[in-house]
Amino acid sequence: MKKRLSCDERLLTLYHYNELQPEERLQLEEHLKCCSQCRNSLSQLSSCLTDITIPKIDISAADRLNFTDQVLKKTTRPHFAGKPVWGGALIVTGLLMLLLVILPNPTNKIIKQPKPSLSELELIEQLELLQNLDLLEDMEVLKELEDLG
Amino acid sequence: MSLKRAEEKILIDQAQNGHDSAFRQLVEAHSEKVIQLAWRLVGNRAEAEDISQEAFLRLFKSLSKFRGESRISTWLYRAVCRLAIDHLRRERLKRKFFFVNSGTEEQLDLTDLAVDPSASAHDQLQAKETARHMQLLLNTLPARQKAVFVLRHTEDLPLKEIATILNLSEGTVKSHLHRAVTLLRRELKNTQESPA
Chain A
384 MKKRLSCDER LLTLYHYNEL QPEERLQLEE HLKCCSQCRN SLSQLSSCLT
434 DITIPKIDIS AADRLNFTDQ VLKKTTRPHF AGKPVWGGAL IVTGLLMLLL
484 VILPNPTNKI IKQPKPSLSE LELIEQLELL QNLDLLEDME VLKELEDLG
Chain C
126 MSLKRAEEKI LIDQAQNGHD SAFRQLVEAH SEKVIQLAWR LVGNRAEAED
176 ISQEAFLRLF KSLSKFRGES RISTWLYRAV CRLAIDHLRR ERLKRKFFFV
226 NSGTEEQLDL TDLAVDPSAS AHDQLQAKET ARHMQLLLNT LPARQKAVFV
276 LRHTEDLPLK EIATILNLSE GTVKSHLHRA VTLLRRELKN TQESPA
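Chains as they are written, first to last, in the numbering used here: chain A, 384 to 532; chain C, 126 to 321.
Same shape as in the complex, but just chain A:
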């Protein structure tokens, strides 16, 4: 392997974490035998990474139990819990109002009257005649009153 290709810090990182393919690993190991610079780099890298120990927190059995209880409590809670109940009522009211606006208003419809039958027409005419007769009678009464002075 050419020295220039293998003098690659990225490969050294992956080598440290044992993440190279077997073939790449063999090639790098061959290269390391003849490249002191890479050997030094790898040694420094390994010692630095070994020093990096990421801390952890103390989680007691009681903490775990408490955590589990909290998770289960949330899983059993109904989906709408926590949201205001009136929120749903408002949505329903809004939808109903929207429906009322969108749907044709029954009060705006022209109410079709059924056609009057012949007998009904005759009755109306008779009523009109009666009214006219009443008027005539009223006129006659008025004339008589005028005549009387």
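Just so you know, these hints were derived from the structure itself, not from any lab.
All values reported here derive from a predicted model rather than from experimental measurement.
Treat each hint with caution, since some may be false.
Unchecked claim - Keeping only pairs whose Cα atoms sit at most 27 Å apart, straight-line, the calculated DSSO-like set for lysine-lysine is:
1. C:253 x A:456
2. C:158 x A:439
3. A:457 x C:190
4. C:186 x A:457
5. C:285 x A:439
6. A:456 x C:158
7. A:456 x C:190
8. C:129 x C:158
9. C:129 x C:190
10. C:190 x C:134
11. A:457 x C:134
12. C:186 x C:158
13. C:158 x A:457
14. A:439 x C:253
Fit chain C to the supplied structure of chain A, relying on the hints for placement.
Positioned in the frame of chain A, the structure of chain C alone reads:
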């Protein structure tokens, strides 16, 4: 408490059929590792527990779709990493917009740090100081690089699995790991060189 794959499969089947006790066992088995990972990523216990709870709730909601092709731990790690990365990005944006200082030091919560109880008070103090230093170093990394580094260096997961967890290609994960290592080495060198 760790579960074998067969045990885990039985518990998943039972949980899918509505057995609360089976889901409880799954939570108990994975909670510690999930909280530790969340804490390592966000550096605050309360936020780590919130993120972990959310991850378990998402698991509960997705149980019916869970086919058991991957392990529950992989699924949970994926959820925690995504939630933690989102959280870290939001925090970074908040700091940027509200002109808050780096804030990393103030945000560190090491009160519950696990230290060897048999060690002397001096050693415990020193361990806490080292831990604080390490967390500060980690906080200098961008969210995704931090996740890759923690999963590889601490959780000892292979890069292939990390790629699955973070939904990234293996090549991208390799690049993130190398960049994270380079940044950490530079920061370590700077802190060692700077006067105390």
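Checked hints:
1. C:253 x A:456: Violated, because 34 Å separates the two Cα atoms, which is more than 27 Å.
2. C:158 x A:439: 10 Å, holds
3. A:457 x C:190: Holds, because 20 Å separates the two Cα atoms, which is no more than 27 Å.
4. C:186 x A:457: This hinted pair holds, its Cα atoms lying about 11 Å apart.
5. C:285 x A:439: 24 Å, holds
6. A:456 x C:158: Measuring from Cα to Cα gives roughly 21 Å; hence the hint holds.
7. A:456 x C:190: Measuring from Cα to Cα gives roughly 22 Å; hence the hint holds.
8. C:129 x C:158: The hint holds at about 15 Å.
9. C:129 x C:190: 21 Å, holds
10. C:190 x C:134: 14 Å, holds
11. A:457 x C:134: 23 Å, holds
12. C:186 x C:158: At roughly 21 Å apart (the allowed maximum being 27 Å), residue 158 (chain C) and residue 186 (chain C) satisfy the hint.
13. C:158 x A:457: 20 Å, holds
14. A:439 x C:253: Since the Cα atoms of residue 439 (chain A) and residue 253 (chain C) sit roughly 10 Å apart, the hinted pair holds (cutoff 27 Å).
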